[in-house]
Every structure is written in structure tokens, then in C-alpha cells.
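*Asks:* Guided by the hints, dock chain Y onto chain L, whose structure is given.
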Amino acid sequence: MPAWNIIQAVNDALKIEMRRDPRVVVLGEDVGKFGGVFRATVGLIEEFGADRVIDTPLAEAGIIGAAIGMAMYGLRPVPEIQFSDFIFPAFDQIVNELAKLRYRSGGQYSAPVVIRTPVGGGIKGGHYHSQSPEALFIHTPGLQVVCPSNPYDAKGLLLSALRQDDPVIFMEPKRVYRAARGDVPEGDYTVPIGKASVARAGNGMTVLAWGAMFHEAEKAVAEFDAELIDLRTLWPLDIETIVQSVQKTGRCAIVQEAPRTGGFAAEIAALVQERCFPHLQAPIARITGWDVPFPYTLENDYLPLAPRISQKLRELADYEV
Amino acid sequence: MQPAQKIDKPPIPRETLLRLYREMVRLRTLDERMMTLQRQGRVGFYGAATGQEAATLASAIALEPSDWIFPALREGGAMLLRGFPLVPYLCQIFGNSGDETKGRQMPSHMASKSVNQVSWSSCIGTQLPQAVGAAMAARIKGDRTVIAAYLGDGATSEGDFHVAMNFAGVFKAPVVFICQNNHWAISVPTAKQTASESIAIKAQAYGFSGVKVDGNDAVAVYLAVKEAVDKARTGGGPSLIECETYRIGAHSSSDDPTRYRDEKEVEEWKKRDPLDLFRGRLQSWGMWRATDEDALRARVLEEVNAAIAEAEKKPDPARESLFDDVYAVMPWTLREQREEMLAAPAVPRPDAKNIAG
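Taken in sequence, the protein lines are chains L and Y. Here the first sequence is numbered in the numbering used here, starting from 1 and rising by one per residue. Here the second sequence is numbered in the numbering used here, starting from 1 and rising by one per residue.
Bear in mind the hints are in silico, worked out from the structure with no lab data behind them.
When the alpha-carbon atoms are kept at most 20 Å apart in a straight line, the in silico EDC-like pairs for lysine to aspartate or glutamate are as follows:
id, chain 1, residue 1, chain 2, residue 2
1, Y, Lys192, Y, Asp262
2, L, Lys312, L, Glu299
3, Y, Lys141, L, Asp51
4, Y, Lys172, L, Asp51
5, Y, Lys141, L, Asp21
6, Y, Lys141, L, Glu17
7, L, Lys248, L, Asp238
8, Y, Lys172, L, Asp55
9, Y, Lys113, L, Asp165
10, Y, Lys271, Y, Glu293
11, Y, Lys226, Y, Glu15
12, L, Lys195, L, Glu218
13, Y, Lys141, L, Glu47
14, L, Lys33, L, Glu46
15, L, Lys195, Y, Glu336
16, L, Lys248, L, Glu223
17, L, Lys15, L, Glu47
18, Y, Lys172, L, Glu29
19, Y, Lys141, L, Asp55
20, Y, Lys6, Y, Asp273
Far from chain L by the CB rule (all over 10 Å, computed), these chain Y residues:
id, residue
21, Ser187
22, Arg233
23, Arg279
24, Ala290
25, Ala306
26, Ala311
Source: prediction; values computed, not measured. C-beta: ideal position from N, C-alpha, C; glycine also.
Pulled out of the complex, with its shape left as it was, chain L reads as follows:
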């Protein structure tokens, strides 16, 4: 098995599915000849041609709007939004159109669009190349949100996303795009949407993380008797795996790169306390980005990196009612 990074895994998944399913088309800014600014679509236009690998004008609302129309017409478009910070010109198309199309048409139309977009900071990208907007999409009925942390899951989840009938926001953690390497089987396999992975077993606490911050959490839990869960799919959330773990450990921490208030960690905390209240031995801890625009110089102060996670996990472990 080759040891690949996430970009190679994504690229491989796209190639596999485009060979298998002629309905799959890729579109976006710089995805064709250039192969994408992160190189995730490299080689596709050479193999599949300009009809299926489409360099579009620079307009995110157009990319997503066109993808919706293509999907309604029977294609399986995979638009790339170059950075998730640039997704907001398409926010109306995603929230008001893509997410509601099946519902508002009484199930007559669906839009199986998989929006690939690099998320997160830690790459010296400042306000506009660093954000983590997952909560906005989780809050929108009709969308699914996926965020793998490693190449194996990236390939398997992308192949799953391309083979089901509802829209997916496929968030790729760009801080670990190349750093997170791992064995990836050649050929076809899938990782199911909606299933978390228990990355490390433990009994003293449950730590939930995803995407780039999963790797920070992994470093931090080394000194604790902690069960570490990689959510992989953010929505629909694998609540069963989480509840099973927290009922066992009685303590729960959630690591989230996005700003704290109204973030996904808050929703997870609500779900956990509804289901695990008698088991909880400490308040649920949120270790998150701060409620500030993503900074340029001070990004390591913003991010919930391993040292800050460790400090909070120590408090969580020591907490007594």
C-alpha cells in the first residue's frame, strides 16, 4: 500500500469515480490545466477532458449554481471552492437552493453535489484562507458535512459522498493536506458517511476531534487515559459512538478549530448532556478557537493546539464535583 497524503488520496478517489461513473464532473477555479491550487485535481483534465474537468470563471455562486443545475439534469458534479473562506458568495446557492431542493420539490428533484473545499488555519493564511465554517452548514437542514483527518478516510469518504444522492460539504483540512500521511489501499473502497472512528481506546475521558485539530488532540491525549474519537463525518453525527464512550468515561472534551460561540462543539455538548447526564463527572470541556476573526501573526495563539488541549484535559481529569 502506498503511503499517501490527503491530496493524493482525494485525487485518487476522483479518478476512480470518474472512471467508474461518466456522470461525475469536476468544476471550479483553476481545477483544469493547473490541477487546482493545492493540486488535488492534477491529471484529471488530461484523462477526462475539458467537458468533465471544467475551469470556470471566477464566481463561486456560479460554480455552485451551475453544479446544482448539472445535478438536477443528472450529472454528479464535484465543485471545488478554492478556500472555504470563498464559499460565502455561494452561500445563498448552498443554503437556499442546494440544501432545500429535495424538500421543496416534494422529493421530485435532488442535487447530489459534493462541494470540496479546503478548511482551517495554521498555514499563515490570515482571515481569508483559514476559516472553519462547518457550523453554518451543519445548521442548514438538507446538508451533510464531512471532514476527514487522514488520507485513508479522505479517499473512502469522498467515494461514499460521490455515491449517494444528497449534497455533501466535503471539508479538507489543509493544514495537514500534506503532513497527514498514511497507508491508502489502491483501488476502490469506501468509508461510510455518519460513522466516527475510535482512534484510541481509553477509560478516563472522551476526547472528540476532527480534521486538522484531530492531530493536535492525538498529541495531547498521549499522557492521559483518554478515548480519542475522530468524528470524520460531522453531520449526521455518529451520536451512538460518542454516547457509548462518554457513558463509559464520564468526562468529555471537544476540540474545535472554529470560533467557540454557536460552534459545532456547543451542539455536541448539548447532545451529550441530554444523553449522558447521570454519567457525567465533570462539565463538558470545549477547547476551541476564540471568538475573533482568524489572525495572521498570532495564529498559534488562536488555534487549539496540543499544549492548550493538554492543559484543559488535565483540568478535566482532575475535576471533582
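*Replies:* Then chain Y, alone, in the frame of chain L:
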């Protein structure tokens, strides 16, 4: 305002002309009845096409049944022209269980895959990039399909309009943009939407042709749209057609146009009623007599009233259907919430007249 241009011989097959006229009369009748029902509190909201029947229906009839329509607010009637039955159409307006779209949207947001007319949102202009995407897909798949993308004059101010026009031009997509310039976007006149000399001229900036036609002249609309559709179908790329027409009624049942426009302007446009203009042409070609008109009006009114009676008695959608079709497969969150809702006390929906919009 100019009278419609004289045409000595019918340039369109007789059967098409007569079918179009019958549909225009049916739509006028339906709109009148719906506005009455709305005032009686039996319908929550309605957006009539009164005065715009030529732009709506003469454009739609120029399409083939396999072509797709991405409509805006006033093109629901095109579905009827394309063979969609009146009763389920009315059930959409009543929002009841006879509605194919399951009572999910406000009235005048009807759609049916059976006639290739897609579901639209109230967010102005969003259907336009989607229409271009569908057209790109048709070309990628090698189909002959042409996509008709409808919009109003107000929509030309939206970013999505420019995005769609640009994509259409760049990809030479088989799409025809049909703008119903009815002079008013709720209360804002076209002169405050754009400083361009016309809407049609905007197409030049995107590298394709735009034409302005008398939108109250059914024959002119048909010929312009037909030419654009034929061009798109044979690889000639997109077109923009501006149908200059007039919204005789209010924007919707929730609007009061006397607060912002001069009734004299409305009276002037009523003299150019698209039904009168079209009937005049049919009469001049010897295709229509006064007795035909009386018979048609009576038959259509009877048909509409019978359909209303049948549609109105259907029950509301089942409560639990609230959670269907959010996803293809219902996730655990929605299963849980459905149980929670069903266990909670039911509150009947308010009288239709209380629905906002």
C-alpha cells in the same frame, strides 16, 4: 406605446395559435379566480400573471416538451400549457395533500418533473446559474435539450444574473434567458434597476445577442423565442430576450400598487392587453369569432371552478410528512424530532388569509 405590428399571414401553425390563445384565456381566468379566493381567505398568497400571458405562454409554447423551464414567480401557467393537470396545480396553491410538492412552499411556487419545470425559490435570480448548469449538462450529455431561464426586470440587478449570463456566454450553453420586463419590481420601476438603455443590450457584454420584443404581442414573443431556442439547439449558444410587458395587477396578493404607481399608467397598458391583441390577430386571420370567444370563456370558467372545488376539499399533508425529503435517507436526528413532534399537542394551521407573504 405602439400598436402591435401588422402581420398579414399567420407565421405560426394554426393549431399552435389556437392552443396558445386558449391557454392564455385559461390563465387569465384562473388568475382572476385565485385573486378572488385569496381575498376570501381561501388561498394564502398569489402572484398573478395578468397582463403577462403572452410573455409567459407564447415563450413556453416555443419550447419542446423535452426542454426544461427554470421559472420565476409568474411562469406557473407554463406548466398547464405543457400538460400539467389543473387539480394538482391548484392543490399546490392550497398547499394540501394533492400537491406533488407536498405543501412545502408558498403558493405560486409550483413545479413538476413530469413537465420538466423545476422547483424555484423566492430568492430572486438564483435559478439563473442553475439553468446554465443544466444547459451545460445537456451539452455534456449530448442531448438536444434547451433550457429556458425566466426572470423579471428586478432580477437583472442580482449578482446571480450576471454570473449566469457570464457562464452562459463562456460555455456557449444552450440556454435562453427570457426576461419579463413588466416595469415594476414590487414598487421599484425598471429605471431604478438599471441605467442601461434596455435589458436586452446587457447580453452584448457577455458575448451573445439580446433582443427586445413587444411582450404583449404573443406572435412577436413566440417568433423571438423560437429563433433563440432553435439557435441554442443547434449549437449557437445562449440568447437573452427581453419581453416588454406590464404587470396589470399587484406584485402579489400582499401588495398595494396604488401607493407607488399612477393608475393612469395601468389604464394605458390595459389598452394593450395581450389577450385583446392576440384575439385581434386571430380574427384578422379569420381564425376566431365572437361566438368562439363566448364558448371558450364559459368552458374555461367551468373547468377552473370544477377544479377548484375538487382541489379545495383535499386534506392537508400528513403531519409526519414534515420530516420527509430533507434527505434521501432520514437521519437519526429527524427520526427523533418526528417522534417528539407527534407526541406534542397539534396546533392547526391558521386560516390561509393569515399566512404572511
